[in-house]
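> Now for the letters of each chain:
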Amino acid sequence: MAGRTLLDKIWDAHAVAPETAATPAVLYVDLHLVHEVTSPQAFAELRARGLAVRRPARTLATMDHSTPTLPAGADGTPPFVTPEAAEQVRTLRANCREFGIELLDLDSAQRGIVHVIGPELGATRPGMTIVCGDSHTSTHGAFGALAFGIGTSEVGHVLATQCLLQRKPRAMAIEVRGRLRPGVDAKDLVLHIIGRIGVDGGTGCVIEYRGEAIRALSMEQRMTVCNMSIEAGARAGMIAPDEATYAWLRGRARAPQGEAWTRTLAHWKTLYSDRDARFDRVVEIDAAAVRPTLSYGTHPGMVVDIDSGVPQAGNALQQRALDYMGLRAGSRLAGTPVDVVFVGSCTNGRLSDLRAAAAVLRGRQVAKGVRMLVVPGSAAVKRDAEREGLDAVFRAAGAEWREPGCSMCIAMNGDRVAPGQLAVSTSNRNFEGRQGPGARTVLASPASAAAAAVAGRIADPRDYVVAEAVA
Amino acid sequence: MKPVRHLHSRTIVLAHENIDTDRIIPARFLTTTTREGLGRHAFQDWRYRSDGSPDPGFVLNRPEAAGAAILVAGRNFGCGSSREHAPWALLDAGIRAVISSEIADIFRSNALKNGLLAITVAEAEHRFLLRHPGLELRIDVAAGEITLPDGGRFGFALDAFARHCLVEGIDQLGFLLRQEQAIQRHEEMHG
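Each protein sequence line maps, in turn, to chains G and U.
Read in order, the letters of the first sequence correspond to residues -7 to 463 in the working numbering.
Read in order, the letters of the second sequence correspond to residues 421 to 611 in the working numbering.
Be aware that one or more of the hints could be misleading.
To be verified - Okay, the calculated beta carbon distance ranges per label pair: (1) G:Ala410 - U:Met609: 31 to 39 Å; (2) G:Arg244 - U:Glu608: 23 to 31 Å; (3) U:Ala542 - G:Asp299: 39 to 47 Å; (4) U:His584 - G:Gly327: 43 to 51 Å.
What the hints assert, rightly or not - Over the 10 Å line for every Cβ pair with chain G, so calculated as not near, a few chain U residues: (5) Val479; (6) Cys499; (7) Leu511; (8) Arg516; (9) His546; (10) Gly564.
No wet-lab data here; the hints were simulated from the structure.
Nothing here was measured: the structure is a model prediction, and the numbers come from that model.
For glycine and all other residues, C-beta sits at the position ideal for the given N, C-alpha and C.
Go ahead and model the full structure; you've got the sequences and the hints to work with.
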């Protein structure tokens, strides 16, 4: 029998009923993360059918998308952008109460972006199946979990049955050979990968990231890589757990403790793709060839490294993207004037991301006319950053230091980029209007974003930090 | 779910590749807590100019789009965010089918669960449909076939289970609830 991939192993262990030609597999879900935007209609469906939540203990809710990142006013009311946003948050609160689901509410010390807090709490663990009504659920795959985004109907399915009907995706391996150069970040790597395979290069697949360069990444960097798997169209991204994974999880609030830890660890050590496992597709990437990489167009596959010129438009749609972005083929991105810089999101809102941005900003100023927003990914990230004095670095440089949330990545809470403005953003999507109607987005690493803030123009982050600081 | 067996309508064409779900329904309209009423914001930032008036150049605003329920779209339609608001918005705007050469995974799954036909056709047929807006098509879901006005026919790809659910009006949550014994067994074995 041929060896099994990591995907095979997790899939087989969760198949309540196997897939047939006529029916998809019934797949058991270990952890269901819930947030305010994609859940209200699912709870309404349960209510209409008189159904309960099957496993409340496997369900964890928080609020992150519609929530303000400015602190509450003197009366304690958070400044929601619209009454609808406030109502959506109230609805989640009421639903969690009615259905007996744990909610990390706005006043919780454990709240934050759903994909930041899952790992932080140790709720995300190797070998699990994890779903959420959010495409960036792929983030949790960094821990060797099978984690993917679902729609609201499926949120209802999981709430009611703890299961999903799923066809097994194909397995794709991305082998990243060699080591990343100093001053090159995980974000640069994943943008480079999406540029290589395309925005639909992973459609129908789960990507397993492998190779020396992946092993060398920190857990936070691995989360950045897995997070953007969906931007290549993949259902999920995953990385087999190793010592870095175990060390990161050990002692976390919801990770197993004592004897349970030892027992669980033995299981985790079986979670890797066998040497003779077969992948449906293998892509090789040379890590040493990756430079600081940014997007120049209107989808995350339109990327270019900081040393090269913007590619020629191959068709009318690519030309339209260049026109939207106000960029010319052949010219370099470096030097392009910047209006807004955003550091945050489930892609790059963790402590190491804030450190990388602060390393550039320390002792420097955000350029005149540039607005910079720094939004920690969770309350814990915010506390840790403040303990290190990162908030003081950002504030002294002239950046805004906010409360945790999705903020300007999805621009549904009032944090948005004005029409025509160009934002260098550590988030994950540069679609037309993603950060606000008419907003132009350049995706970049935290160091590249901070360099742009200081220069007032897109700039090479390697000119701003000694290489060791970002390596 | 109501069975979806046949669809007979005209096509409208949005040839752009990689139309993402933010484009279909921008995030600022996602603060709703219901499924209804999203149609007026479908393709909002293409459909309306910054002063709020309809852009007469946009295909959905043209007179010939009235009543057309089949959207032929460029490759990789529905990429990006998993928001089910995208198929809700399209259905509410009167779209009953999306045809492309490739449809993003989560969008397709969401669409089919709501009775929005998200179907893929071969490259050659896709190119033909893109070049000929306003075609009267007959879609036969059970047969997996599209019939052109001249009687020409070609097949489309649709998952067997999704097809079965559409044709029989089977609700997938109901199907899952009937797996109770298997789910219980799994929980007993795996804790």
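> Would you mind marking each hint as holding or not holding in the structure?
Taking the hints in turn, this is what the structure says about them:
1. Between Ala410 (chain G) and Met609 (chain U) the Cβ separation comes to about 56 Å, which falls outside the hinted range of 31 to 39 Å.
2. At about 28 Å, the beta-carbon gap between Arg244 (chain G) and Glu608 (chain U) stays in the expected band of 23 to 31 Å.
3. At about 40 Å, the beta-carbon gap between Ala542 (chain U) and Asp299 (chain G) stays in the expected band of 39 to 47 Å.
4. In this structure the hint that His584 (chain U) and Gly327 (chain G) lie 43 to 51 Å apart at CB is violated, the actual value being about 57 Å.
5. The non-interface label for Val479 (chain U) is consistent with chain G: the shortest C-beta to C-beta separation is roughly 15 Å, beyond 10 Å.
6. At roughly 6 Å, the least C-beta separation between Cys499 (chain U) and chain G is not larger than 10 Å, which violates its mark as non-interface.
7. Against the 10 Å criterion, Leu511 (chain U) stays outside the reach of chain G, whose nearest CB is about 13 Å from its own CB.
8. Against the 10 Å criterion, Arg516 (chain U) stays outside the reach of chain G, whose nearest CB is about 17 Å from its own CB.
9. Listed as a non-interface residue, His546 (chain U) keeps its Cβ farther than 10 Å from every Cβ of chain G; the least gap is roughly 14 Å.
10. At the 10 Å boundary, the C-beta of Gly564 (chain U) stays outside the reach of chain G, the nearest C-beta of that chain being 14 Å off.
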